[in-house]
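From just these sequences and the hints, can you work out the full model?
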Amino acid sequence: MSQTFLLEPDIIAAAENVMPDLNNDLVLAKNFLKQQCAATGDTLYDHLVDVVHKILSQKPPDVVDSFEQYSWEVKQEKFRPNFDLLNDIYLAPPQLAIVHRVDEMFRLVASKNQKLEDMGEEEQELDLEEDNVKPRVADLIDHNYYFREGGYGLPDSECYAVYIALKMLAIKEPVSTVRFFGKIYGTKANYYVAETDLTIEELDRRIREFEMKDMPGEGEGEGEGPIQEAEEQKELMGEGEAREEKSKEPVPPKLPPEPVSTWQPPPPIPVERPGQGVNKKVYWVCNQPGEPWICLPDLTPDQIRVARLTARCMTGDLDAEVLTFPPFEGTERNLLRAQIARVAAGACVSPQGFFTYGSGEEEEDIDLEEGGGDMDFNPNPFYQGHTLKDLLDPNLTYWVHHGKHILKQGRTIWWNPNAGMEEGVEEEEDEGPPPMEPESGPPLFSPLSEDARVEGLPAWTPRCSSMLAPDRALAVLRSNVWPGAVAYATTGKKAECMYVGWGLKYQPPNFSPLQLPRPQDEYPIGPEVMEMADPTFADEEAYRIAHLPPPPPPELPGEGEGFGEEEEEEDE
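Numbering that gives the first Met the number 0 applies: residue 0 is where the sequence shown begins, and numbers increase by one.
Since the hints were made in silico from the structure, they are not lab data. Errors might be hidden in some of the hints.
[Claimed, not checked] Here are the simulated DSSO-like cross-link-like pairs (lysine-lysine), alpha carbons at most 30 angstroms apart as the crow flies:
(1) LYS77 with LYS53
(2) LYS171 with LYS111
(3) LYS279 with LYS111
[As the list claims (entries may be wrong)] The following label-pair restraints were derived from C-beta to C-beta distances:
(4) SER511 with PRO267: 27 to 35 angstroms
(5) GLN94 with LYS114: 27 to 35 angstroms
(6) THR261 with ALA137: 49 to 57 angstroms
(7) GLU200 with PRO326: 31 to 39 angstroms
(8) HIS99 with ASN379: 38 to 46 angstroms
(9) ARG204 with ILE170: 45 to 53 angstroms
(10) GLU200 with PRO267: 29 to 37 angstroms
(11) TYR184 with ASP533: 56 to 64 angstroms
(12) SER445 with GLU328: 28 to 36 angstroms
(13) LEU115 with PRO508: 49 to 57 angstroms
(14) THR314 with GLU200: 31 to 39 angstroms
(15) LYS133 with ASP470: 31 to 39 angstroms
In this text, a Cβ means the ideal position worked out from N, Cα and C, and glycines have one as well.
Okay, structure coming up:
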């Protein structure tokens, strides 16, 4: 105890005379300077480091006089976005994948152009002869400039990427012409749509495949006779054995005959071959520029019929299931193709005279029943344009449709369902189905003034791009039937149409799906199938009491004794 008591004054004196620790003081000072500001989160230590770094990098002559200016410049730089340093920008994996795809697309198109530049004229001609014809890609950048003048179109960066993607499509796929059809929005992803014409070789190949599908397979009937006879014998033997077994069993009660459906499906309407009708053009889609283009399948008349009766937004997934009534045959890629065909038929317009018939024929001279009516049309080289006043005429007589009308059958060329039946009964004049009148629609190049009105409004709304500079203005048409479909025309020789929307047609009333048909009667009404009410407990009890066995008769007195005496006498 005494030793501890003597050491306490020595410890106190040593604590009072301790030497300063420079390292500890430096750490405390740094911590003090690194205190963050509550408003901005900056620290004085970081600010001083940045100021000293700036002064040492520039080495001004009068540091003391310009110290405050350097401090102010450092603070200003913190509020400026640092977009010049690419290393500081973080790209998420999906964005990085898009960048890689776009870069690969740019390199492919650049290498193709460089190859053409390095080749001589003779080599280019030989290359074009081998590859048939160089694909013609519509100048989307030029057309988009005029669409932007009218208030529509794509952003410049997106337009450039799509234009390069169209060039990539022309390089990779067997197409002769490429045009940007439009953009269709989806709930998860969007579709960029390209409209193309196939090369002659590719079109012939697809036509041969289409004809092979319709032809029956060879050798289907060979070798079927003996096998079929053996199967019939087996069936007869099985039926005989079953009859013998059934004869031993009790005969079940006779039931009414099973109902037979009286509904008959309509005759299947043949599909238009590739390069004809609704399948005249081939459409390719992709979700992002740089992704591989996917070819959409050909259309069937039934798919167009069901697409007219439904309203469904796209999802962005071509393999998504389509649940509608009536049931749709196919996935979203088929529905997308049907909607594109409907938009092309109703919203592809151009100034009068911009296109002309390819063969010089008039539509009235072609017999629709013989498979005609699907004429080619090409840009008119002698088109000189119209005045702005004519293009903006509210009657729209100077604008025409260059998309072929789709009939109710789902075809552009009418097909007679009674053609085969009429041929079979030519000799019997009294019998046979009555002749059907062919369906008809508006002819090609019909003016927009004949379009049906929508709730009292015209089907198209014309507008001038600028009222301040009429010499540089252009006419823009906006569709009220297909929202998102627009077209422009200048006073010169430029005109184009585009669709950017959801792929849905405008409907004045709210959309209501088609009602289900009334179910047919299963059985004819009769006592065998009539529904009866279940008996109650009182009814069952009354039925039980009514069907009880009768009680035994009561015994008369004396009958039992006499009977016993007789038996005794007989025994004696």
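For each hint, the structure was consulted:
At most 30 angstroms may separate the alpha-carbon atoms for a hinted pair to count; LYS77 and LYS53 meet this at roughly 13 angstroms. With a C-alpha separation of about 11 angstroms, the suggested pairing of LYS171 with LYS111 holds against the 30 angstroms cut-off. Of the supplied pair hints, the one linking LYS279 and LYS111 holds, its CA atoms being roughly 29 angstroms apart against a limit of 30 angstroms. Between SER511 and PRO267 the beta carbon distance is about 28 angstroms. The supplied range of 27 to 35 angstroms therefore holds.
Hint check: GLN94 to LYS114, Cβ distance near 31 angstroms, so the stated range 27 to 35 angstroms holds. The beta-carbon spacing between THR261 and ALA137, approximately 54 angstroms, falls within the hinted interval of 49 to 57 angstroms. For the pair GLU200 and PRO326, the beta carbons lie near 37 angstroms from each other, so the given range of 31 to 39 angstroms is met. With their beta carbons about 44 angstroms apart, HIS99 and ASN379 fall inside the hinted range of 38 to 46 angstroms.
Judged by the Cβ atoms, the range 45 to 53 angstroms given for ARG204 and ILE170 is violated: they are separated by roughly 19 angstroms. Taking the beta carbon of each, GLU200 and PRO267 are about 30 angstroms apart, inside 29 to 37 angstroms as hinted. Restraint check, TYR184 to ASP533: a C-beta distance of roughly 58 angstroms satisfies the suggested window 56 to 64 angstroms. The given range of 28 to 36 angstroms is respected by SER445 and GLU328, whose C-beta atoms sit roughly 31 angstroms from each other.
Between LEU115 and PRO508 the beta carbon distance is about 55 angstroms. The supplied range of 49 to 57 angstroms therefore holds. In this structure, THR314 and GLU200 meet the distance hint of 31 to 39 angstroms, their C-beta atoms being roughly 35 angstroms apart. For LYS133 and ASP470, the hinted distance range of 31 to 39 angstroms is satisfied, since their beta carbons lie about 36 angstroms from each other.
In summary, the one numbered hint that this structure violates is 9.
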